[in-house]
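Just need the whole structure built from these sequences, with the hints factored in.
Number of protein chains: 2
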Amino acid sequence: MKDWIIWENGFHIENISQNGNKFLVGNGYLGIRGTLPEYEKSEFPAINLAGIYDQVGVAWREPLNAPNGLYTYIEFNNKPYRLPGDLPLNHRMALDYRHGILYRDTVWDSGDGKIKVKSERFASLEEKHLIAMKYSICSDVDGEVRIHTGIDGDVWDINGPHYDELILSDSDQLIQAVGITHKNKDKVGVCEAYDASFSSQKQIITLGRKILRVLSFHAKAGVNYDFYKYISVYTSKDCLNYIDNAIELVKKAKEEGYETIIESHIAEWETKWSISEVIIDGDDSAMEALNYSIYHLHCIAPRHTDSLSIAARGLSGQMYKGAVFWDTEMFMLDFFLFTEPTVAKTLLKYRIDTLEGAKRKAQSYGYQGAFYAWESQEGGYDACSDYNVIDVFTKRPMRTYFKDKQIHISSAIVYGIMRYVNYTGNLDLLADGGIEVIIECARFYYDLLLKKVDKDRYELNDVIGPDEYHERVNNNAYTNRMAKYTFECAAHVIKMYRHMNKDLDDKLSAQYNMTVLLERFEDAALKLYIPQPEDTSKIIRQFDGYEQLEDVSLKELKGRLLDEKEYWGGAYGLASHTKIIKQADVVTMLNIFSGEYSDEILLKNWEYYEPRTEHGSSLSACMYAMLACKCNMPDKAYPLFIKSASTDLVQKGKQWAGLIYIGGTHPASSGGAYMTAVEGFAGICLEDGKLKAYPNLPRHWNSMIFKIIYRGDIYKIEVTKKLAKISNLGKYKA
Amino acid sequence: MKDWIIWENGFHIENISQNGNKFLVGNGYLGIRGTLPEYEKSEFPAINLAGIYDQVGVAWREPLNAPNGLYTYIEFNNKPYRLPGDLPLNHRMALDYRHGILYRDTVWDSGDGKIKVKSERFASLEEKHLIAMKYSICSDVDGEVRIHTGIDGDVWDINGPHYDELILSDSDQLIQAVGITHKNKDKVGVCEAYDASFSSQKQIITLGRKILRVLSFHAKAGVNYDFYKYISVYTSKDCLNYIDNAIELVKKAKEEGYETIIESHIAEWETKWSISEVIIDGDDSAMEALNYSIYHLHCIAPRHTDSLSIAARGLSGQMYKGAVFWDTEMFMLDFFLFTEPTVAKTLLKYRIDTLEGAKRKAQSYGYQGAFYAWESQEGGYDACSDYNVIDVFTKRPMRTYFKDKQIHISSAIVYGIMRYVNYTGNLDLLADGGIEVIIECARFYYDLLLKKVDKDRYELNDVIGPDEYHERVNNNAYTNRMAKYTFECAAHVIKMYRHMNKDLDDKLSAQYNMTVLLERFEDAALKLYIPQPEDTSKIIRQFDGYEQLEDVSLKELKGRLLDEKEYWGGAYGLASHTKIIKQADVVTMLNIFSGEYSDEILLKNWEYYEPRTEHGSSLSACMYAMLACKCNMPDKAYPLFIKSASTDLVQKGKQWAGLIYIGGTHPASSGGAYMTAVEGFAGICLEDGKLKAYPNLPRHWNSMIFKIIYRGDIYKIEVTKKLAKISNLGKYKA
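Residue numbers (this note's numbering), protein chains in the order written: chain A, 254 to 987; chain B, 254 to 987.
No lab work stands behind these hints: they were computed from the structure.
Incorrect hints may appear among the rest.
[Unchecked claim] To give an idea of the chain B side of the interface with chain A (calculated C-beta under 8 Å), a few residues: (1) S270; (2) F646; (3) M651; (4) D700; (5) L702; (6) L703; (7) Y711; (8) N714; (9) G942.
Quick caveat, the model's predicted, so the values are computed rather than measured.
Note that the Cβ used here is the ideal one computed from N, Cα and C, for glycine as well.
Given below as structure tokens:
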């Protein structure tokens with residue numbers, strides 16, 4: 254059994270940016286990068302906020318980092334001791350990922366003796382606006398200590414600075430920073446309270462964009478000097494009296510004291526684990542990686558609101574514009590559906606609430622219905638640019654088509670809503686706007702349908718499927734099947750809504766001609782062309798003409814690179830005219846619709862596409878892993894599962910694209926690891942409305958034990974090799 | 254009045270490759286580049302043959318250059334005198350473009366005195382397999398002359414060498430070279446006979462790939478020593494006994510003598526000019542440029558066969574693979590229709606005879622009907638590669654879509670056939686396969702039609718229009734209108750064919766269900782979407798979304814170039830995401846269908862598109878010039894006309910693309926210049942089956958006089974400013 258601690262021993266300057274992600278703590282409202290209190294923006298510290306964005310000029314619009322209320326460093330005998338500049342004797346960081354507490358422990362040599370600094374901090378899971386830190390200093394010789402601690406408003410931004418104005422103030426022993434954003438003049442208020450077990454000389458100064466307490470005292474050898482910081486964050490989007498709330502919160506926290514609030518915080522985490530922990534007997538590393546992945550999903554789950562989604566890099570920073578991708582519905586949703594359906598509902602509510610944005614996007618292209626944003630920010634605004642890649646050879650932006658051609662995004666929303674309906678048994682989301690979303694997505698696809706004048710089949714042309722290396726293709730199997738699924742769902746909800754409630758019936762009937770829509774969607778579902786397995790090979794072509802592309806090995810393709818950073822996709826990318834794909838595409842479709850295909854087809858396509866897949870996206874490995882389980886190949890699934898589960902632990906992913914930081918956490922990988930474990934190895938699925946398990950454990954696993962919530966009840970699942978036991982533990986209370 | 258001579262005085266080594274084109278002589282069977290007899294392959298001499306091709310390895314397939322029977326140089330007192338190595342005292346070249354005779358006149362200083370060499374040569378317009386040259390040597394001091402003359406089999410090739418075997422022989426005072434091609438083992442036979450007015454010591458030697466006569470004699474000061482060469486070219490594709498024919502021909506020529514054969518040659522040219530000369534009063538330069546353009550069209554007109562077309566670079570070499578483009582039907586056809594309808598018929602017969610190739614091409618893409626080759630060689634084989642451009646930055650081939658997406662090519666064939674029918678009044682081409690071509694082209698477009706499921710209109714998506722800088726666009730106005738035209742023509746011929754003759758009726762009825770086809774084509778013509786002028790601006794969008802592209806000036810665009818050779822088109826080309834276009838596109842459509850649009854629409858679109866056009870193709874200027882005439886702006890047409898007419902005269906066009914020679918003559922420009930003069934300035938058109946003229950002469954032109962053939966009669970057209978006189982001169986005899 255592992256100890257729920259992730260360590261790093263020694264100070265490794267090259268790991269600063271990765272560790273920001275690996276040691277992240279968060280509570281869904283905010284995420285605090287795993288940086289040290291003394292870091293300034295060159296080391297990428299960030300308290301990244303969920304769902305609030307700003308744009309400066311024509312640069313990318315991105316979420317805000319709050320002024321850093323954790324900022325702290327010390328001097329001993331007038332000499333500062335801080336990383337990364339002052340190299341230590343010893344240093345270690347540790348993340349308790351069962352409770353979301355980050356520890357640091359550093360020893361410097363002052364020449365006369367050793368200075369030890371310890372800190373621990375967390376973003377309260379109980380009180381989402383609160384951060385708390387305990388900081389200790391100890392020297393083995395007497396000396397003069399000066400603590401600099403306060404709020405650093407000079408935050409790291411990728412496309413900032415976002416705070417045109419920064420108001421620094423102090424009153425009543427509290428210090429405050431209020432940032433006012435460039436575009437919308439939103440306010441971000443941070444308040445800090447300080448408490449210590451020892452007395453000191455105190456002074457409050459402002460230094461540029463920092464407001465700092467300077468605390469001086471004479472330290473005796475061997476004595477631990479502990480102090481505490483309580484930091485609150487509220488924005489003007491949270492409430493009108495954001496600053497009063499911030500003040501009140503830190504006062505209350507200081508009154509209650511560090512031990513009390515950390516206890517509630519830990520209790521809240523234990524509640525989460527009581528449902529979501531997955532126990533694996535026989536593979537401690539896998540169990541650690543999986544629960545560490547689950548930890549990250551908890552850190553970013555929006556629980557402070559009923560309508561918000563998760564960004565592709567979670568709350569680890571402004572990377573990928575803090576935007577919501579299909580990752581949420583296709584890769585993260587299941588974890589929340591299975592362990593905390595309220596969060597699943599919140600995620601989907603965000604999509605319902607951004608339907609207008611999706612309709613506006615469709616309209617801007619001349620389409621009807623709802624075309625969801627490829628990179629969704631508030632209101633469903635599509636932050637995706639037409640030029641997402643810089644050509645390494647010319648340094649010119651390349652026209653990419655993610656925003657305009659990746660139409661499968663809308664079907665992912667429908668898929669998410671229907672999955673919520675099926676797993677919870679609740680129709681609340683449908684009644685509360687879900688039906689309109691499904692109908693508008695179906696209208697969108699209907700408007701895109703093309704028919705060859707002399708054939709009675711419908712097509713979807715000029716799209717990008719999940720595999721982004723092949724742009725502007727016709728009849729992508731995944732996209733077409735998901736569009737068909739959307740038509741099927743739309744027809745289904747149109748047929749059922751009348752029985753739900755009278756008001757809804759009235760509302761929808763006023764909006765739509767349901768008879769006509771039903772007829773159209775049923776016709777479309779019937780006639781939309783779905784690429785079928787070829788007669789002998791059983792291979793499903795990813796899109797029209799895929800079979801004619803060059804069949805080259807990944808190795809050979811890599812050998813053709815002129816620049817290791819060159820883009821593989823686009824019109825002339827090295828992969829574009831070959832069969833090499835970026836990520837699971839046909840395999841994603843087969844995974845979702847596995848029941849419609851024979852075992853032979855599933856297997857042959859897995860075997861065909863796997864060696865042709867770069868797995869260049871964190872969305873790829875888990876799809877192959879899950880399908881491998883369905884093909885009774887858990888041992889082939891295993892390394893792909895480990896890859897998904899360890900993504901943020903090993904931090905081997907790309908950190909930089911040219912000068913742009915693209916590292917961060919990978920919640921879709923975490924979600925994919927969870928799905929692989931639960932739906933792949935344990936084989937959880939629904940059959941005729943019943944929860945079933947068809948286990949396929951890796952050879953060296955003895956058993957898996959976990960719980961999932963289904964239709965309001967908690968079930969305990971115990972899986973051993975080929976046997977499964979599902980026990981109903983009674984009602985789940987959110 | 255100009256003297257019908259194009260001069261170059263002095264020897265300019267940098268002009269060698271251009272002069273090869275500028276001083277070309279030809280007779281439709283072969284074209285002889287305007288090089289000097291002593292040139293070897295580094296100076297690009299070529300006797301380029303029409304309609305016979307070879308391919309070596311995977312290099313581009315290209316037409317053949319015959320072994321060079323003109324090869325000749327002299328020595329005086331054991332020292333050779335030849336260009337470009339031995340710089341002369343004086344040198345000039347002159348092309349009599351009324352009669353297709355090239356003169357050279359060079360004087361060297363031997364130290365003791367001057368050596369003069371003169372030559373004249375022509376490709377007989379009367380006997381297409383015959384070339385003749387007269388060569389004179391004169392020295393102003395006595396000396397020993399040695400003439401080296403014979404056949405140089407070491408020909409210049411772009412993607413050769415094509416002759417795997419070269420058989421050199423001599424017998425009966427004749428020398429011969431037979432080249433056997435690499436792929437098809439075709440034979441190219443060249444025979445040479447020599448005649449002189451003086452006696453000399455004779456020897457025949459072979460030297461590598463050359464077979465040479467070495468003629469030595471003592472030359473007296475001031476005496477002209479003349480000799481003659483008669484060279485015949487026959488290939489195994491012309492006849493079985495190609496070598497016997499070649500021998501017989503040179504024997505006969507030698508017997509008749511140089512003066513006799515040059516007389517017949519000149520007489521033949523005079524016959525051509527008696528119909529085709531255009532007289533312009535008030536602008537000698539324009540008249541010279543125009544008639545020089547007409548000269549080039551005569552040089553490449555296939556008159557030795559009844560089924561052959563013209564390559565994009567005529568007979569000036571292997572550039573552009575010697576392939577036939579839409580240039581022929583859209584830019585050259587009118588000249589032949591108006592002055593020599595038999596040639597027009599031959600050009601179109603080539604398309605009828607290559608219908609099978611066009612059907613095969615369609616089939617290879619999964620389409621029905623006839624998809625004509627973008628770069629057509631024999632049998633309709635499409636020589637166009639999928640990778641036509643090399644990226645200057647990566648040196649990698651770029652995937653281009655000329656071959657697969659430039660579907661408008663098929664409509665050009667239909668356009669040509671119908672134009673032939675309308676101008677000649679003959680239905681022979683229709684009966685002789687033309688109807689099948691039209692129907693198959695219509696079937697091709699019909700198969701490509703897409704219909705939005707919820708709209709009753711048809712579309713053509715993912716095409717390239719005439720403007721090649723914007724790839725893979727939807728609803729290109731030109732393409733859609735030409736497809737509609739094809740449907741209209743197909744419906745028209747289906748309705749008329751039954752009345753033509755019984756055999757034809759039987760043949761077609763056996764092949765097609767004409768009732769169904771008629772219904773389909775009429776439906777398609779009705780419903781195919783044609784982009785309409787916008788309400789206020791009156792601008793017709795070149796394709797869906799054109800209006801959203803960046804509106805940048807040509808100058809600014811050029812300023813963005815990182816490399817002057819970089820490709821402006823493709824997915825990321827500098828022009829691709831702007832409104833800058835390569836060549837006339839909407840304007841070409843408006844020109845063809847001007848009768849369907851108001852004067853205001855014609856004018857506004859001309860004014861909109863002209864500054865946005867690079868005119869980067871020789872097919873562009875004339876379309877703008879003709880539409881300018883229709884908009885009563887002859888003075889705006891004038892510089893564009895001069896640009897078209899002078900293309901080969903000034904030879905400013907690109908000669909090189911990287912290491913590939915792309916220079917040559919530009920028959921589409923020549924044809925465009927003719928069209929601008931006759932259909933633009935003189936305003937010739939058909940109205941209700943009658944020939945009409947609506948003159949719009951440039952301000953400084955007093956009058957134009959020319960003849961055209963219409964429905965079997967010759968008409969003399971005399972145009973003065975705004976008045977036109979059309980006189981019927983009686984029956985035309987081909």
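Outcome of the hint check:
no.	hint	result
1	S270	violated, 31 Å
2	F646	holds, 4 Å
3	M651	holds, 6 Å
4	D700	holds, 7 Å
5	L702	holds, 4 Å
6	L703	holds, 4 Å
7	Y711	holds, 6 Å
8	N714	holds, 6 Å
9	G942	violated, 34 Å
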